[in-house]
Each structure stands twice: as C-alpha cells, then as structure tokens.
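Engineer: Residue strings, one per chain:
Number of protein chains: 8
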Amino acid sequence: MYLSGEIHSDWRDVIRNGCEKRSLPVTFTSPNTSHEDSDDCANIILGMEKTRKNWDVKSSLLNSVRTKLLVDKADLVVVRFGPKYRQWNAAFDAGYASALVKPLVTVHPPELSHMLKEVNAAAKAICEEPEQVVNLIDYTLTGTLQRDSSFTSSETTWDCRARRTSRICVC
Amino acid sequence: MYLSGEIHSDWRDVIRNGCEKRSLPVTFTSPNTSHEDSDDCANIILGMEKTRKNWDVKSSLLNSVRTKLLVDKADLVVVRFGPKYRQWNAAFDAGYASALVKPLVTVHPPELSHMLKEVNAAAKAICEEPEQVVNLIDYTLTGTLQRDSSFTSSETTWDCRARRTSRICVC
Amino acid sequence: MYLSGEIHSDWRDVIRNGCEKRSLPVTFTSPNTSHEDSDDCANIILGMEKTRKNWDVKSSLLNSVRTKLLVDKADLVVVRFGPKYRQWNAAFDAGYASALVKPLVTVHPPELSHMLKEVNAAAKAICEEPEQVVNLIDYTLTGTLQRDSSFTSSETTWDCRARRTSRICVC
Amino acid sequence: MYLSGEIHSDWRDVIRNGCEKRSLPVTFTSPNTSHEDSDDCANIILGMEKTRKNWDVKSSLLNSVRTKLLVDKADLVVVRFGPKYRQWNAAFDAGYASALVKPLVTVHPPELSHMLKEVNAAAKAICEEPEQVVNLIDYTLTGTLQRDSSFTSSETTWDCRARRTSRICVC
Amino acid sequence: MYLSGEIHSDWRDVIRNGCEKRSLPVTFTSPNTSHEDSDDCANIILGMEKTRKNWDVKSSLLNSVRTKLLVDKADLVVVRFGPKYRQWNAAFDAGYASALVKPLVTVHPPELSHMLKEVNAAAKAICEEPEQVVNLIDYTLTGTLQRDSSFTSSETTWDCRARRTSRICVC
Amino acid sequence: MYLSGEIHSDWRDVIRNGCEKRSLPVTFTSPNTSHEDSDDCANIILGMEKTRKNWDVKSSLLNSVRTKLLVDKADLVVVRFGPKYRQWNAAFDAGYASALVKPLVTVHPPELSHMLKEVNAAAKAICEEPEQVVNLIDYTLTGTLQRDSSFTSSETTWDCRARRTSRICVC
Amino acid sequence: MYLSGEIHSDWRDVIRNGCEKRSLPVTFTSPNTSHEDSDDCANIILGMEKTRKNWDVKSSLLNSVRTKLLVDKADLVVVRFGPKYRQWNAAFDAGYASALVKPLVTVHPPELSHMLKEVNAAAKAICEEPEQVVNLIDYTLTGTLQRDSSFTSSETTWDCRARRTSRICVC
Amino acid sequence: MYLSGEIHSDWRDVIRNGCEKRSLPVTFTSPNTSHEDSDDCANIILGMEKTRKNWDVKSSLLNSVRTKLLVDKADLVVVRFGPKYRQWNAAFDAGYASALVKPLVTVHPPELSHMLKEVNAAAKAICEEPEQVVNLIDYTLTGTLQRDSSFTSSETTWDCRARRTSRICVC
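From first to last, the protein sequence lines stand for chains A, B, C, D, E, F, G and H. Number 171 marks the last residue of the first sequence (my numbering); no jumps. Number 1171 marks the last residue of the second sequence (my numbering); no jumps. Number 2171 marks the last residue of the third sequence (my numbering); no jumps. Number 3171 marks the last residue of the fourth sequence (my numbering); no jumps. Number 4171 marks the last residue of the fifth sequence (my numbering); no jumps. Number 5171 marks the last residue of the sixth sequence (my numbering); no jumps. Number 6171 marks the last residue of the seventh sequence (my numbering); no jumps. Number 7171 marks the last residue of the eighth sequence (my numbering); no jumps.
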C-alpha cells in the first residue's frame, strides 16, 4: 500500500497507526518524506549541480527509483492533497498509478473537489479524512464494516441523511 | 483461487471444505459475500448518496478494489451461476478474468447452458456441482483422479455411458 | 466503437443513424446479431453436436473470434442491458473490455441500476437511452455539447434541477 | 502529439501554427479546452447531479474517455504548467503518460522548476516557451537545427554562455 | 490472417481462392513455402555452416523473422496438420499464436484428432477441410451462413443428424 | 523449471535426480505424465463425451489449466522430443513458451535436428541427453563448469576436437 | 526498419539504395546521423549546460525521443558495429530492441565477433556486409533467394565450402 | 539488484561489502564473471563448435538464460563501464533493462561521459565510484543520507561548490 502526497501533516501516521491497532495485515510504503533530503539526495551522493533546475531534476530522478518501484508493487495507492502547495508530484503519482491500473484512493478536504476532479475520476474512493482510509482498508481486507446500531438494510430505506455518521460528510 | 458468483447457497463452503479435507495446498478468495455490506460499504465509510445509482456505483467501486485485486492474483477463477437473479457481476468477473487469460471454471445447472454459452466458451471446464470443482482442483494440483474400479483405459474403449459415475451428468 | 448487448430492440440503429446524421467520423462494430445464426454457426460450418452444451459452446467459440477481435480494436465499448433475458454475454463483454482498459459505456433503464452496479462501476458513463450515446460520442469526438439556451456556467450555479432537460432522468 | 495543460493562454496555437508554418507532418490532439463544457458535459448529456463532487467526477469520467484515448495514441505528450491554478489534471496526465512510457515534454516558466521537479525528472525535455517545442518537434522529426552562424562544433568548445541564444534561458 | 502448416498440398490456395471468389476483405500471409529455400536461406545469404544442426538453426532463425512478424500482426491464425511428417513447426506456431491470445483455427483429417488434442484445446474452431475455413471466415467477417433449405431454428429442434450437410463430418 | 515432452522414457527423473544430487536450488514441474489420466480426466470429473474429438478436447482443456500455469511461472522450459510419436503437444508448449519469452532448452537425438529446426531456432540451448540439462542448470545457477583437466583457455586455442568430451556429440 | 550504429561509413545508403533498386516495399528510419547536431541539439533548443556530462545527457535525452519511437515501431532492427569507436549507443539500441522482442540483425567485420558475442546471441542474423542485409530483407519480404547455378538441394549435399559465394565469408 | 559490466576490477565487491557493512536488505546478482567459463560454457556442456562465431554465440546464448532472468527480476540494474575493452555486453544490458523500464544506474570514470551519453540519458543516476552506489542504495532503501556537518538546507543556499564532499566530483 503506497501513500503519496503532502508531508506537512501526520496523515500517514494516522493511517499506519489505525491499521496497526486493528492488526490489519498491511504494509505501508511512501516516498522519502524528509523534504530536505529528497531535495538534495543526488547532489550529496553524486556531486553538486550549479543550476537549480539540474539540482532538482537530479535528486528527483534518484527519488523516482524508490517511488516508481513502490507504486509498481503496491496493491493500493493512497494520494493525499492538502490546501497548501501545488503538489504536482502527488497528482503525477496518481496518474502514474492510474495508467498501471492500480486502485487509487484520494484524500482531500471537500473544497478541493473541483480542482481535483480529473484525479478523483480515476479513483476508487474519495476520502476526506485519513480515518476513512483505515475503515476502507479494513473493509476491503476483512469485510469489517462499522454500522450505526440504527442502520438498517440499504434495501429497505434510502434516506441517507438520517444514517450519516457525524465524522463523514459529503462535500 | 477466486470464487465468484451467487451468494445464496453454500457452494463456496462445499469447495473450501472439500479441498481442506483432501489437504490440497490451495487458498480461496472471494468478493465480500455479505449482500448488505457490499451494497452499503462506501456510503457508510465515505458518506451517503441520495440517488440509488450513485449509492450503488459508489459501493461497487469500492468493492472492485477487492474483486479486481483478487482476480488479478488468482491462478484459477471459478464462477457460479444459479437459476435466480441476473448475476451480471458474475458474468462481468468471468469476462474480466478471461481478458487477463486466467483459467476460468464455470459452475451451473445444465438448464442454464444455452444462456451461458458465451461464458462457457471462455471456460476451461464447465461443472454442474461444486463437488466437481473439488475433483478438478485435486486433479490439476496433484494428478489425483478417482476412477471407478470398472474403468478401463481410454485407449481401449470409448463407450462413455457405462463408465459414467452416478454424480456426474452431462446436461 | 463496439456495440454489445441485447438484440431485440433497434438501439444499435438509433446510435448508428444518429452519428451518421451528424457526420461523426466513427465506425460501429457489433457481434453477429442474428440470434439463430449465432446459435448454429459452428455446427453448420464444422459439423453438428449431439448435446446442447457442446452445440452451444462450439458456436460461441466461433463467435468469440469476431467478438474478441472487435473489442480488442475498439476505442469505446457500449453495452446495453434490457429488462428481458439474462444477457450474460453482455456483462461478459463488459468485464472483458474493462480488463483491457477500454472505456465502457452502459445503456439501460434506470430500474436495472442496482442489479448492474458492478458493471456500472467500471463504466465511464451510464446512459438510459441510445440517443444519449450519440450525444456522448459527439461530445467526445468533436466537443459539441447541446446546452439549453437558459443554461449558464457551471461555475456560477449548481442548481441542477432547473437545468435538467426533459429526456434525461436520473434513476 | 498530445498537448495537455493550462487553457488560459494561447500556447497550443503557438505550437500548432509554428509546426504548420514549417509544414511538419504532425497532428495535434488535446483535451476539450472549453472550461465550461468540460465541467458540465456529463451532467448535460446524462443527467444532473446534486452535489458538486458527483457533478465534477461525472464530467471528468466522461472527459477521460477522450483524454486517455488520445494519450494512449500519442507519440509525444507535451504538458504545460503556468503560474496560476493548481493544474492537477496536467500533472496527472504527465504521470499517466510516464507510466505508459510515452516521451514527455514539459513547458513552464523557470520559477516553477522546483515545484515541478518530479514531473521534470520524467521528461525528455524541459521547455520554457512553446516556440521551443516547435524547434524540438522540428529537430526530432526532420533533424532541422537552427544554429547561430557563430556556433562551432560541440567537440571543440564548451563555453555555453557565448553561444546561448537570446530567447532560451536556463532557469 | 496467417496460414501455417504443411506445404505438400494446395490447401492455402483453396482458402485463398475461396475467399477471393466471395470478395472477402482479407489478406493472407504464410511462411516461405519453398521447402528448399527455407532450408538454405541463411546459409546462402550469410555464409555456409558445416554441421547440419548449425545449418538448420541458422536458416530457421532467419525464417522466424518473417514468421513471427506475420503471426504477431495476424487477426486469425490457421494451422493445418496432415498425415505425413512431424510438422513440429506447425505445432510450434500454434503454441506461439496461443500465447499471444490470437484466435487459432486448426485444419486436419479426423484421424489425427487424438494426437492433436492439446493444440485443438487452444483452437476456436477445428476444421477438416480448407473449404470449411472459407465458410468460417465468411461467417466471421460478414455474417454469411449457408444453411440447407431444410434447416430450421436451433431453438426448435436439436436433432443434428438430420440437418447435417454432406461435406461436414464430425470425426 | 518446466519439463515438457515425451513420457515414455525416464528423462525427467534423470534431470530431477541429477540436480538433487548436486543440491541445486531448483523445483521441477511438468504436465500430468499419466497418459491414461491426462486422456480421461475431464470426462471422469465433468461427464463423458460420445465423440472422440470432444472427449479429447475436453480433457486437454482441463490439462491446459495446469500446463499453462506452470509454463507461465517457469524460469526455464525444457522440452524433449523423441523418435516416436508426433508430440505436437511438446512443440506447442515450446511455441507457447517462446511467445512468453521464456528461455527454452530442447533435448533430442541428433537425427531429429532437421525436423526440429524451427523449435531449435527459438532455443537457448540444444541438448542430446538429459545429463546435459543437469550440467546446464548447474552452470546457469551456480557457475559450476566441469572442464577436462586437459582443457585450456578458450582464449589460447580453438581446436575444439581435442577438447571434446566423450559424452557430448555434435549431431 | 530501423538502422542503428556507426555513422562514419555509407552503410545505410548501401542498404537503402539496394532495397530501392529491387523495389522492395520497405521504409528505413535511423537516429539523427549528424554527429554535431545530435551532440548539441538540446542545448541549442533548450539552453546551454556548463558541464560536459549535463550537456551530453540533455541532448541524448532529446535524441532518445526519436530513437525509441522509431525502434518501437520498427519491424526489423539492423545494428552495425565497426572497428572504431566504442559505439555504446549501438549496443544499447540492440539491447533495447531485444527486450521489445524486435528481430535484430547485426552487421560487423568478422574480427569483432568475439567482442560482440552477447549482442549476436540476441540476433536473428549476423551479417558482415550491408549487401547481405539487402539480400536478407529481399528474402524475408518476397522469398527471393539468389542461388548459384551450381547450387543443389540442401537435402542432398552438405559440403558447404564448394557452394560458398565469394562475397559471403564465415569468420 | 543486478550488477552488469566489466570484470577486471573489484567494483562488485566494493558495492556488495559496502551494503553488507550497513546491513542493507539487498541481494546482488550478476552475470557469470569468470571470463573463461562464460566463453566456453555451452561448448563444454553441449559440444564444441569449429568456428569462432558459432563458439561464441553458443556460449552467449546459454549465458543469456542467466543474464535475462536476473535482469527481469531485478529492482535496480547497475552497469559499470571502464576505460578498457569495448564492453558491448554492458551497454546491451543497459538497453535491455531500459526497455523493461528497470531503474538503471551507471558507474564510470568522468572521461567516458561523452561516449556514454545515450546510456546515461536512460539512467536514474550516474556514479563515478562504486562507493556512490552504496550510498545511493542506502538512501533509496532506508532514506539515510550522509550530510556534512556544515551542510545546510537546500532551501536556503544553492552554492554547491562549498558543500561538495571531497570524494564526489562532477566531471
């Protein structure tokens, strides 16, 4: 399971810990999440570049060894978008996973919905919070589904509002 | 080994238990067989939808994460069709497996034969009862074949009727 | 463009003629739509079979030469489901196309929505009427989109009801 | 040749016209560049959705029929990033093309270099201006290369500054 | 359409002429059918070999340039087996085509049926005479099926014997 | 490692035992080598067929579940041809493996060389005796090569005759 | 047909003209054969680099757009090696073509045979002179084979020396 | 991890030992590095050849069983080029790995840069010394990056010279 996307919140830990608590048989991989190291890696290991473009591409090429391998081997790719930064790498990973026919799950606040529509159209599920990803993984792997006690069969009623749990909101 | 198809009889258990009794080295996977959960999963986890079509597609998209992954990894795909319901998901799985060049085995009562002809044309074997799937798996994996004592070489006689066992019928 | 599905209405002609009228640069292919011929073809050409199962599979195998080739070469696969018959071949084609990552469009009356949820989850678009397929093809190929005169930008208003045309209903 | 990216400047025309002037044997394709139509297409053709997320994903799914087909058939994919908007669809297309091992060319102002480093690491060439894409296509197809008269063999001198043309800047 | 197999009868001409008479839009390809030339080609062009094994493999390698390319591009592969010679190249071509998921049609006298069972299990149709291949191609491409006047719907009667035409025999 | 071909000599045991004696880390797989069982399997498990052709194809289809899976997973495919029988299944397996770009090794007496030239042209090595396959596997896996004491570097002398060991003959 | 390799002799013209004289239906493609232009292209079009390594890689990346596309579309890849320079690009192209299962033909003087053994092991034919490539293409496409008048069937005699033409030498 | 290239220095041991010292979870594979054995293997096992070309190709074909399998299974392919010999096999391996979309790392002295530009354009990283490969593997697998104590964030300063370590030089 590959976790791509922003590195400025603890969303990866939320998913990782949530799955661990439920003892789900799942392994998480991610790109190098040290911003500084992923910027400089190739230049430190292989020698410096003088122009910013070369500096950046050189390290990104090296990082892509890790990124592509992990996406290629993933059974599920989760990509998170946040309100800050342009995160073109996250959208790039989503497109890359999509062309490899990997199941894709996106996580983002509802207000990004319109901007992310092409990415979401390629997704199997669109989450708002990392906790939903834990539930989703749990269901997919073990069939566990946490219904409210008041919840009745989808066959008998379709009034969704009443059954909606507090932490899950449709944008 | 992936078991697709109707969820209203115990055919999966027959195959699973049959193979377990013979200690065959085989693992079975299947879609989520809780009808209600597979209908509602995405709406419970990700938020409700107001229209039935959106409700259905949303959960099916999430279920397909599981289904496709398991078919992709299967060495053999067994699909069962029964006399009730339209089971388009089962035929869809059969077509999906077929395009991936996965060996396909169908299980259905003989009277469905004409309606299933396109699916059967893509199958390696057409069974009527789940017990036949157990025999088929046993033979394929270990070479075990339960001949009647009166059975003689296929080279010397081709009178099939006499040798036919009681529980295996041609439709 | 491959048209799969039921052969008891003129839906293929509606799509074909609609696209022809607009001079869309598109070629349609389909399975053999003569019910009788597609049932008997291999037995007439290659020799008869005595059991129904063999008869059926033999002709279906021959038909699959045509079907698979045309799906393999299609840029878009349209599958129609109707209220009658079980149409497992249509769902099989949809699964086959889906595994080949072909864009899939389904056409069916809204009341089949729940039964078709797994197939629809793999579709790029879900239509109710063949005329919608013509519009969809027109838009996809040429960008032509027939807005009502009262239609305003999607950026300014999201009240969908008011703008809904009469012949397009959400199930 | 597929042109992906922002739709608020005339960069596609610059490339198209530039190649036409030189009579290069090349065909350009692009996503639907009418912002409004690409937002609303599926809702107009297939029926309205009430929530923004569903509205967006429905149209994007339909647009992806066009987008993916054209990228799949492209010999070269050019993606342009501008200073405005988050353009996740452009980065998604770049990732998609990259996984299909399509040669990728990016076009963007130099100050976006750091943000685009992962995308650029997958590119065969990084341009700043659409005119460079014309030169690049011309060279790739016909071998035409416009050297300054003062330009001498790369074998004899490596002082790049002196030979740098005015309209091509390294960021 | 690729025609593989024995070169000692005129079966290729029968198929070719039959399809030409009916103006079927089909192109036939085949390996080099000059026995002597296909044995010696590489040795004449590239230099002689002293041992028979090297002589044979050298020419076969060169012939495989043609064979593989034509099978790779074929929409249908027809392989004929006769009573003489061991024709391992024909069976090799059949296996090769099968792994590429090309539709395979075999042509052979009924008495070879047992020996060819593995090849036939991979075939879409098993013919006895090349004329059947012409009928099969005609049906697959144009839907033309030559029924006897006495032939009635497969839905109403399954007594195959009565309807069997004289020139089509089940082995 | 998949061993295909004739079942009337103990060549598979020679290879298996030879590799076991040298403790080579290798697993061997093969088709069902009980001639009678592989002929009758599907008819016993799934029901009898009245015509020989149907009988044969039905069992071969079932056997192909095993065969194809094992070839698909093999790292090396060894196919043996003997002087008796037509062994079209062996040549079919060789073609199948070849299209999957599996390394192929053939084993056959030298006098079959001309008849097998197309198969041999696709092979990485052509053996006469199963013992050679053991040596070949040993070398490929561990680098072990049994030189005669009189053998000197290939760099210094090219007089091959003198160094030829007694049990390895060029046909 | 893709022609890769050294650019210091007229071997491409020999093949091109030879095939043109015989009116063979064949199109030739090649990398950019202007040494200077292929060295400098990206630096001229996209901006200069200060270090030789960056300069070289930048242009090679751009050249690879052309090279890879043409190899991907080639039906036959011809690679020529000469006695001068290290020509790593030619060997790289050969490996690239080989992994794509493209038929590969090498052309080189006999004394390079030992150094090129890994490349030659992946080739369908090993030529010494470009004229042989013309003969090879002619035979592969049209079956034309220029035998000496004194040449007799390969079946009757295997004394290769006597029949060897003067311009084709085994190293 | 596959290590291809010259066999006359101990570079493979440097990488292997370096990774072992740091307890990196990595397995190394390589072609047979005994020059003499890899030249003679097939001739010793399968019988001698009289001409050098046949001798060489026969052994190389056998060696390719090992080489291709290991490259196919590698997550990273490292190819080293030295100042001596023409090493066409190393460049062939690089091209082969590149077409399989394997991440490629090259190792060579800076003065070979121009000659290796096509190979380097396909590489994710270009090293000069095998120690750099160890650092690169360590970073890619574990994220470990050895910064100088004086090293500050890539965000704040781009003066690369000052931070360049002594043992890593840009050519």
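No lab work stands behind these hints, which were simulated from the structure alone. The structure presented is a predicted model; accordingly, all values stated were derived computationally and were not measured. Ideal Cβ placement from N, Cα and C applies to all residues, glycine included. Just so you know, not all the hints are guaranteed correct.
[Said to hold, decoys possible] Here are a few chain A residues that face chain G, going by a calculated C-beta distance under 10 Å:
#, residue
1, Thr33
2, Glu49
3, Arg52
4, Asn54
[Claimed, not checked] Simulated coverage check for chain F against chain H, where a stretch passes if three residues somewhere in it have a Cβ under 8 Å from a Cβ of chain H:
#, stretch
5, 5112-5126
6, 5129-5140
[Claimed, not checked] Taking lysine-lysine pairs in the DSBU-like style, the calculated list, with each CA pair at most 30 Å apart, reads:
#, chain 1, residue 1, chain 2, residue 2
7, F, Lys5073, H, Lys7073
8, A, Lys73, F, Lys5021
9, A, Lys68, H, Lys7068
10, F, Lys5021, B, Lys1073
11, A, Lys73, G, Lys6021
12, G, Lys6084, C, Lys2068
13, F, Lys5021, E, Lys4068
14, G, Lys6021, D, Lys3068
15, G, Lys6084, E, Lys4073
16, D, Lys3084, B, Lys1053
17, H, Lys7068, F, Lys5021
18, G, Lys6084, A, Lys50
19, B, Lys1021, F, Lys5021
20, A, Lys73, D, Lys3084
21, D, Lys3084, A, Lys68
22, G, Lys6050, G, Lys6021
23, D, Lys3073, C, Lys2068
Engineer: Are the hints correct? Go through all of them and say.
Structural biologist: Going down the list of hints, with the structure as the test:
Annotation: Thr33 (chain A) was flagged as interfacial toward chain G, and the flag is violated, the nearest CB pair being 28 Å apart, outside 10 Å. Below 10 Å, beta-carbon pairs count as interface contacts, and Glu49 (chain A) has one with chain G at about 7 Å; its hint therefore holds. Annotation: interface hint on Arg52 (chain A) violated; nearest CB of chain G at approximately 13 Å, more than 10 Å. The criterion of a C-beta within 10 Å of any C-beta in chain G is met by Asn54 (chain A), whose closest approach is roughly 6 Å, and the hint holds.
Counting residues of the stretch 5112-5126 of chain F whose C-beta lies closer than 8 Å to any C-beta of chain H gives 3; at least three are required, and the coverage claim holds. Coverage of the stretch 5129-5140 of chain F by chain H holds in this model, with 5 residues showing a Cβ closer than 8 Å to a Cβ of that chain against a need of three. Note on Lys5073 (chain F) and Lys7073 (chain H): the hinted pairing holds, with a Cα-Cα distance of about 13 Å set against a maximum of 30 Å. Distance hint between Lys73 (chain A) and Lys5021 (chain F) is unfulfilled; the C-alpha atoms sit about 37 Å from each other, more than 30 Å.
For a cut-off of 30 Å, the pair hint linking Lys68 (chain A) to Lys7068 (chain H) stands: about 21 Å separates their Cα positions. This hinted pair does not check out: Lys5021 (chain F) and Lys1073 (chain B) have alpha carbons roughly 34 Å apart, beyond 30 Å. A hinted pair counts as satisfied when its Cα atoms are at most 30 Å apart, and Lys73 (chain A) with Lys6021 (chain G) does not qualify at roughly 52 Å. For the hint pairing Lys6084 (chain G) with Lys2068 (chain C), the CA-to-CA distance comes to about 51 Å; that exceeds 30 Å, so the pair is violated.
Under the criterion of a C-alpha separation no larger than 30 Å, the hint pairing Lys5021 (chain F) with Lys4068 (chain E) is inconsistent with the structure, at around 40 Å. Taking the CA atoms of Lys6021 (chain G) and Lys3068 (chain D), the gap is about 43 Å. The hint is violated against a cut of 30 Å. The straight-line distance between the Cα atoms of Lys6084 (chain G) and Lys4073 (chain E) is roughly 38 Å, outside the 30 Å bound, and the hint therefore fails. A C-alpha spacing of about 36 Å is found between Lys3084 (chain D) and Lys1053 (chain B), which places the hinted pair above 30 Å, so the restraint is violated.
Straight-line distance between C-alpha atoms of Lys7068 (chain H) and Lys5021 (chain F) comes to about 27 Å, which keeps the hinted pair within the 30 Å bound. Simply put, Lys6084 (chain G) and Lys50 (chain A) have alpha-carbon atoms about 35 Å apart, too far for the 30 Å limit, and the pair is violated. Taking the CA atoms of Lys1021 (chain B) and Lys5021 (chain F), the gap is about 34 Å. The hint is violated against a cut of 30 Å. Our distance criterion of 30 Å between C-alpha atoms is broken by Lys73 (chain A) and Lys3084 (chain D), whose separation comes to about 34 Å.
A threshold of 30 Å between alpha carbons decides the hint, and for Lys3084 (chain D) with Lys68 (chain A) the separation of about 28 Å falls inside it, so the pair holds. Distance hint between Lys6050 (chain G) and Lys6021 (chain G) is unfulfilled; the C-alpha atoms sit about 47 Å from each other, more than 30 Å. Under the criterion of a C-alpha separation no larger than 30 Å, the hint pairing Lys3073 (chain D) with Lys2068 (chain C) is consistent with the structure, at around 21 Å.
Of the numbered hints stated above, those contradicted by the structure are hints 1, 3, 8, 10, 11, 12, 13, 14, 15, 16, 18, 19, 20, 22, listed in ascending order.
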